[in-house]
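Visitor: Spelled out from the first residue to the last, the chains are:
Protein chains: 2
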Amino acid sequence: MYYSQSARLAIYAPGEFGKGQSKTAEGVIRYAPNPVVAVIDSTEEGRTVEQVTGIPCQAPIVASLTEAMQYSPDALLLGTAWAEGHMPSQWKPDTIDAIKNGLDIINGLHDFLADDPEIVNYASLHNRKLLDVRRPPDVLPVGSGKAIDVPAFICLTVGSDGSVGKMTTSLELNSVARARGYKTRFVATGQTGIMIDGVGIAIDRVIGDFMAGATERLVLEVAYDNDFVFVEGQGSLTHPGWSGVTLGLLHGACPQAMVMCHDAKRTHVGKDKLPFPIPKLSELISLYEMMTNYVRPAKVVGVSLNTSGMDEKQARAALSAATADTGLPATDPVRFGADELFDAVLAMRGKKS
Amino acid sequence: MYYSQSARLAIYAPGEFGKGQSKTAEGVIRYAPNPVVAVIDSTEEGRTVEQVTGIPCQAPIVASLTEAMQYSPDALLLGTAWAEGHMPSQWKPDTIDAIKNGLDIINGLHDFLADDPEIVNYASLHNRKLLDVRRPPDVLPVGSGKAIDVPAFICLTVGSDGSVGKMTTSLELNSVARARGYKTRFVATGQTGIMIDGVGIAIDRVIGDFMAGATERLVLEVAYDNDFVFVEGQGSLTHPGWSGVTLGLLHGACPQAMVMCHDAKRTHVGKDKLPFPIPKLSELISLYEMMTNYVRPAKVVGVSLNTSGMDEKQARAALSAATADTGLPATDPVRFGADELFDAVLAMRGKKS
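Protein chains in written order, with our numbering: chain A, 14 to 366; chain B, 14 to 366.
It should be emphasised that the hints constitute simulated quantities derived from the structure, not laboratory data.
You can take every hint at face value.
Ranges between beta-carbon positions, derived for each pair:
no. : chain 1 : residue 1 : chain 2 : residue 2 : range
1   : B       : D240      : A       : Q18       : 52 to 62 Å
2   : B       : M14       : A       : E58       : 50 to 60 Å
3   : A       : A360      : B       : G33       : 44 to 54 Å
4   : A       : S137      : B       : G322      : 55 to 65 Å
5   : B       : L138      : A       : C70       : 57 to 67 Å
6   : B       : R329      : A       : Y15       : 51 to 61 Å
Computed footprint of chain A on chain B, listed as stretches where at least three residues anywhere in the stretch have a Cβ under 8 Å from a Cβ of chain A:
no. : region
7   : 213-220
8   : 247-255
Derived lysine-lysine pairs resembling BS3-like cross-links, with alpha carbons at most 27 Å apart:
no. : chain 1 : residue 1 : chain 2 : residue 2
9   : B       : K312      : A       : K293
10  : A       : K196      : A       : K364
11  : A       : K293      : B       : K159
C-beta: ideal position from N, C-alpha, C; glycine also.
Using the sequences provided together with the hints, build the complete structure.
Guide: This is the structure in structure tokens:
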């Protein structure tokens, strides 16, 4: 475990909470075992987490670190993830103040706290921990397709873009598997997943040559004493910036089943509307199946749609359209549960064994 | 330029020269502007570079650094590339001796000399340079497909595996273009290419999230004042360890034409015969064209076969078989020249403009 799962967290998301760049904050609130005691974002001050995000959590949103300190946090978690992953310079004074107030700092950005001598100095002075969860292990192997030989059934979430629900879907599938009595593991491959599960490697932070090898290592570590392994995917094979991470992870994980994740409101990759349209889901599914096949044959068994912001009628229509396009079961696991998707994974496992 | 192109090089390849792990040594000897004055490999002592490799270079192969010093080198170039890129511990004494003898050290491994305090200390004491060519820039962008808008015609070499001739083919195409009077640039994306061209970024050493962005930056830097840009590709889309690097580079480079590179003797990816067969070239070509298409449409216009070790009849037969399979011109650019391949690139440029 990178950190205590009972530590009380204050989440730092100034100007961004609930606004699309705060997926780390929201993922931790929804899924981490840690109690979240406050969120810092002056633009939403006075509301609760539930009022802003719909996640059933009554933690207050406060304007400043000083106010957050009233709720006795143990750590400040930097909860905003940018594409480039740099730390905004205006975050630094609050980070240092938090250390002076006795908090550990949890950071999922590409920029590491431990690389800032001033922050390191304060942390040392106040005997606080700097937890750069995206820092990969120093030594990693080159991928060699070893995960094709493990006993567990490996299911990977893949997607049409970043931030469409791959981590969420993997976590929900893992929960269903556990509830049904299977031995099962979620494998975290991104900063938020690591903050939730306590272990993992942020594959997008790994040196290119070792991305598949790092994924392979994560899978091998859990694949001998579990029935199912649910690996969190990253990015999309058609994203002009992240496709390499997606493919490295795909070939390292060696899945036998995949679940296709998509945000039903998204038409282009990237939130800034790059000129790259998302292909039809059925086309994307063929693409993932073809690329996986060179290392291990695998099928996409279902579709996970993020329908947040749609009313129930719109959501149901989007799910029906996805099924009509792909011939596969489709659900929004946050809204309607992941049982149907897990049934599809289970059916594929039956076919393979 | 990372280093003087007139510096005299001694190349260090103990036990490996000409044996398959020395592609960095051989690439530098064949293509770098620097004079190579000696190669260190006691297992080939007394022969010349030409006798071992066929490359027309009369530099002697010597048993030790002491002997190499007779030829007045300015730098020791570590010339053996392993898949994992670690520096063998037995290389360290020779590296330190070379520094004590007044040599700079050129290193293309994943392990950096500058990260070894003892080596750094010696280099500082003797005022020598440690040139870790695989070290990427500290700050890189996330790829965004920007290279789709540049004036130069972009040609990328792609391949069936690592070490099949992608760098060589890009360099040969660049030479033909220059000889025909075009403004042209080779873009180095690997350690050997950087040692040869003097600039570039080793994309396989870049953090996953920034591989496409690093490639994009390299292309944008040269794409406004050249007719052609020949980008060195890496790995293969079907390699279980390196596929992510290949795809990140592909989407960052935004090629309009590709040349498929293959070692005619290779049946499986990886020199250690992984259980992953290389698909037919025609199938691989479809795969690369399909994956490129999501960012920018591009066609494979020719096949570059590495036929080293085959006699001329075998080589010609392999080229004919490649053409029969793919319907494309095929040549071994080292053996038979790259004019035919450049003609195919030129024809594609005519179609696109």
